[in-house]
Amino acid sequence: RRVYLTVNAGEVPKVRTPDLTGMSIRGAKNRITSAGLRVGTVSKDPTPSPYANTITRQNPEPGDSLQEGRAVRLWYSTGLGEEEVEVPNVVGYTVRAARDSLLRTELRSVVVDTNLAAANEPDQPVDTESLERTIYVRKQGQPPGVRVRAGTEIRLFTTPDRETARSRRGAANDTTVPSDTTASSN
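Everything in the sequence shown is counted per the working numbering, starting at 1 for the first residue and increasing by one.
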C-alpha cells in the first residue's frame, strides 16, 4: 500500500479588509466571512454615535491586506449619549486635530468636502491620514458653544489654505489654535 503526500508551499491568499463603518452588526459579520476573514471581538464603542447598533470602527482598517482567515475586530454604537456637551471651535484646525478635539468632547465628525481633486491625481490611492494633516477646517456644521447630545456628528467643511481657515475663526468663543494644527513634516 502506498501513501501519497502532497506538500503545498504556496502562500495563504491575501484579501482586502472591507469598509464596515456604518453597517449593521449582522451585515458587517456577513461581509467579513464572505471576504474570507473571521469575526474577532465585537465591543461597544465608548464614544456615543447617532446610529445605534452600527459599526463605528474596526481593526484592521478598511483596505488593509490580510491573510485569509485572520480576525477583524469591531466596535459598535449604542446610540447617542444622554448627556449634553459643548461644541468646541475647530475652525482653523487641521482635519486630524479637529477630529481629535471633537472626540475628546464625545462628538463625532464628518468631513463634507476634502478638495481631493486638488490634492491628488485622479484614480490614485488617497492617503487619508496624510490628507487629514494637510487640509484645514474653514467652517463647522454646529457653531461653537452650542450644547448637543454626546455622539452628535459635527460636519467639517475644509480648505487646503491654512490662512483662509485661520482667518475664519473670527469672533468664536475659543480663539486658541492648538500647536498640532499645522501640516506634519513627516
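Source of the hints: derived by calculation from the structure; they are not laboratory data. All C-beta atoms, glycine included, are put in the ideal place defined by N, C-alpha and C. Among the clues, some could well be false.
Per label pair, the in silico range of CB-to-CB distance [claimed, not checked]: (1) Val42 - Ser167: 23 to 31 angstroms; (2) Tyr4 - Pro46: 49 to 57 angstroms; (3) Ala52 - Arg16: 24 to 32 angstroms; (4) Asn53 - Asp161: 19 to 27 angstroms; (5) Ser24 - Val110: 18 to 26 angstroms; (6) Pro13 - Lys139: 40 to 48 angstroms.
Consistency of the hints with the structure:
no., hint, result
1, Val42 - Ser167: 23 to 31 angstroms, "45 angstroms, violated"
2, Tyr4 - Pro46: 49 to 57 angstroms, "55 angstroms, holds"
3, Ala52 - Arg16: 24 to 32 angstroms, "28 angstroms, holds"
4, Asn53 - Asp161: 19 to 27 angstroms, "40 angstroms, violated"
5, Ser24 - Val110: 18 to 26 angstroms, "19 angstroms, holds"
6, Pro13 - Lys139: 40 to 48 angstroms, "45 angstroms, holds"
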